[in-house]
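**Student:** Take a look at the letters that make up each chain.
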Amino acid sequence: MKKIALVALLALSLLLPAFLAMAQDDLKEIKSEAFGKLQRPAVAFDHNAHNEKAQIEDCLVCHHSGENGVQDKTTGSEGTPCSECHKVKPTDKKATSLMRAYHKQCIACHTEKKKGPLACGECHVRKK
Amino acid sequence: MHEIYNLVTGPLAWLAWGIFIVGSIYRLAIMYILAKKKDAPSLAYMSWGFSLRSIINWLIPFNALGWRRNPLMTVATFAFHICLVVAPIFLLAHVALWDQFFGITYPVLDEKVTDIMTMIVVAACLIFAARRIFQKEVRYVSGFQDWLILVIAVLPFATGLLAYYQLGNYQVMIVLHILSGEIMLAAIPFTRLSHMLFSVFTRSYMGSEFGGVRRVKDW
Amino acid sequence: MGIKDRLIEDVGLREGVKRLTEDKIEQVVQTVLKGETGARLAAYSEICMRCGLCSEACHFYLSHDGDPSYSPVGKVQQTMAVLLKKKGRVSPDFIYGMAQIAYTECNLCRRCVHFCPVGIDTGYIMSTVRRICHKLGVTPQYIQDTAHSHSATFNQMWVKEDEWTDSLQWQEDEAREEFPGLRIPLDKEGADIYYSVIAPEPKFRTQLIYQAAAIMNAAGADWTMPSEPGWDNSDMCMFTGDFEMMGRLKRKHFESAQKLKVKRIVMGECGHAFRSVYDMGNRWVAWKMYPVPVIHSIEFFWELMKQGKIKLAKKYPGPVTVHDPCNVVRGRGHHEKLRELVRFLVDGPIIETASNREHNICCTAGGGVINCGPPFKNVRLDGSKAKAEELRATGVKTIVAPCHNCHGGLEDTVHRYKLDMHIKFLGDIIYECMEKPS
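Residue numbers (the working numbering), protein chains in the order written: chain A, 1 to 128; chain B, 1 to 219; chain C, 1 to 438.
Calculated from the structure, these hints are not laboratory results. Incorrect hints may appear among the rest.
Residues on chain B that point at chain C, a partial pick, calculated with CB under 8 Å [unchecked claim]:
| hint | residue |
| --- | --- |
| 1 | I4 |
| 2 | A35 |
| 3 | L65 |
| 4 | I133 |
| 5 | Q135 |
Derived EDC-like pairs: lysine to aspartate or glutamate, alpha-carbon spacing no greater than 16 Å straight-line [said to hold, decoys possible]:
| hint | chain 1 | residue 1 | chain 2 | residue 2 |
| --- | --- | --- | --- | --- |
| 6 | C | K315 | C | E435 |
| 7 | C | K85 | B | D146 |
| 8 | A | K37 | B | D110 |
| 9 | A | K89 | B | D99 |
Away from chain B, derived, C-beta distances all over 12 Å, residues of chain C [what the hints assert, rightly or not]:
| hint | residue |
| --- | --- |
| 10 | S69 |
| 11 | Y278 |
| 12 | P375 |
| 13 | E411 |
Just so it is clear, CB atoms sit at the ideal spot from N, CA and C, and this is done for glycine as well.
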């Protein structure tokens, strides 16, 4: 019995990234639990619709990894929550905070591509 | 939107800050040179102690005779000036922009607080406007400049509120908000808003003359 | 609403204006603005927020039921603001109104300073307007006459040199009947005290010299008065805007004291003369402060009291109220000494007016306004309504006012508003109550 449980657990852990990847399909908004109480409305974000519209196929465009404040664009980080690396209040001064990471990630790309929202309220839309 | 947004947050923002900072330094320097050249009989009495004494006493609400005789104006003007300075500096959205553009972060006020502060600024401007219209001693001396700076001062806050609550066309509103803020910054050295630069010196002089020569309080 | 609706005929203003053209006005205004004003005026005119807070400060505004054209900023709006805006190119008629505002509707009392958050000195602006009027030759006739007298005789009242010493000897003579051995020492070198007065004292208030001599005599003071010009400490030129003459008067006064090698100057109960030595005249001649120590009678009497040199036979029956002259109180902080002295002299309480000490309401006579004479007497008295109401509210019969101008102004005010009060100098009370040889 114990063995079965162990194998199941192992299988589950192997499958976890896949589950998470699948979970992206249902992602409708970006809302990190790490922030706690939010000051602004969470950003509406339909993962697949966005990528389809933006013609992004490579996960690495967004899901980078990195170490010691240096971004690594060769290794993916799908499935790892952003807040894993980007702390809300980083202790290391060089590190990028979670809010800054989100803002940079989205706005830098929108600016570069000259497409997509830039100003605060364009993403943090109030629910009417 | 991208072009306009990038224009107002990029070149125009640099321009506004540049005019504000360089313009302020220029005006202060010119004024100082003029004072040195022409106002020696006044400069001679300047004193740190009496200047500070005067400034501090005037910063206490209802302390000066003038404040006591005009309670509504006292409340309005203190609330207005405190909120006008504090709210934009410690506003979450502004700090987020400092963070986004320059990686600079510092503590922010809760948005509920800055929200109320912004409303206070707008409300105070309405009181100022009402005084200009309905109080005859104020109406008598009100001119174009006075209305101009009132509009310049209220616009960033009014548009800020509308943008914050996302009333009206958000994209238009946010651009207007940024633009009006930039107009206000750039206007400081070259309109009556320059009281921000000079009033500390006029107050200091009056404090010095009343303290040092007249030996009485000037509040 | 405004000066145009209340112009008063004055021959000095009218004749002065007749000689003007717009070109001449522009040139004179520019000369003063460029030559004599600087950052102070520039800053004041730029940062006045037109908030109107200063209105409540001004007795003219208060006395005219809140007519905004009488408020400090309202008066600047009709004078200096226009000059600056039009760069001095204004009509002669405008100058008439401007002069009338500056000379007769502002006492330069500076109460408005206590109301202005940004620290604008409307008194300074009005003085500068007067300076321009003087240079344009547009000054009210009566005050200009005193200024002429200053330049011809170094005193305000055309007192001739022999008349001056005659008056002193006459008062000495009179006083020796009451105080045997009393002297008014003339030109005594190295005296402790040089006593200076204003020219109206020898002219028509000689009893003040008598009283001063009696007090000096009783206190055993080592004092003197000068026989030559310089004895008049008054300075109407300061108020007309004739600053060149103001400077000459100050020099003359101090040189006269220095010639006698006195230790210090004691001034009679005058306000504006005091202002002239510590505030305006000294600045014009580039002295940060006066070169010979000067004290006002309030201080001098206060010292005598502290040193026990005034011996009273009785106390003056109170209660009384105290009028704080702007030039010695808001100008020099003598309000507490004044009260200590009054408490020493008077039996009974001091009933304060609602606005007192440095927040006092002006007598409406100061700043040369009473010196503009009969044409403007009614407008002056209309302006003293606020003061009259505060005085009436005290319910007392005696006003102590240690200033000639306040004295004269308050006498008119008491009469006009039927206040049933009388006004006393400190010298009056001391003389009346001090021990005298029987």
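**Student:** Now tell me if each hint is right for this structure.
**Tutor:** Right, here's what the structure says about each hint:
1. I4: 34 Å, violated
2. A35: 4 Å, holds
3. L65: Interface hint status for L65/B: holds (4 Å vs cutoff 8 Å).
4. I133: With Cβ-Cβ at 12 Å, over 8 Å, it is violated.
5. Q135: Constraint on Q135/B satisfied, holds at 7 Å.
6. K315/C with E435/C: 11 Å, holds
7. K85/C with D146/B: 15 Å, holds
8. K37/A with D110/B: The given pair, whose Cα atoms are some 11 Å apart, holds under the 16 Å limit.
9. K89/A with D99/B: 13 Å, holds
10. S69: At roughly 7 Å from the nearest Cβ of chain B, S69/C sits no farther out than 12 Å, so the non-interface label is violated.
11. Y278: 6 Å, violated
12. P375: 26 Å, holds
13. E411: E411/C is indeed farther than 12 Å from all Cβ atoms of chain B, at 26 Å.
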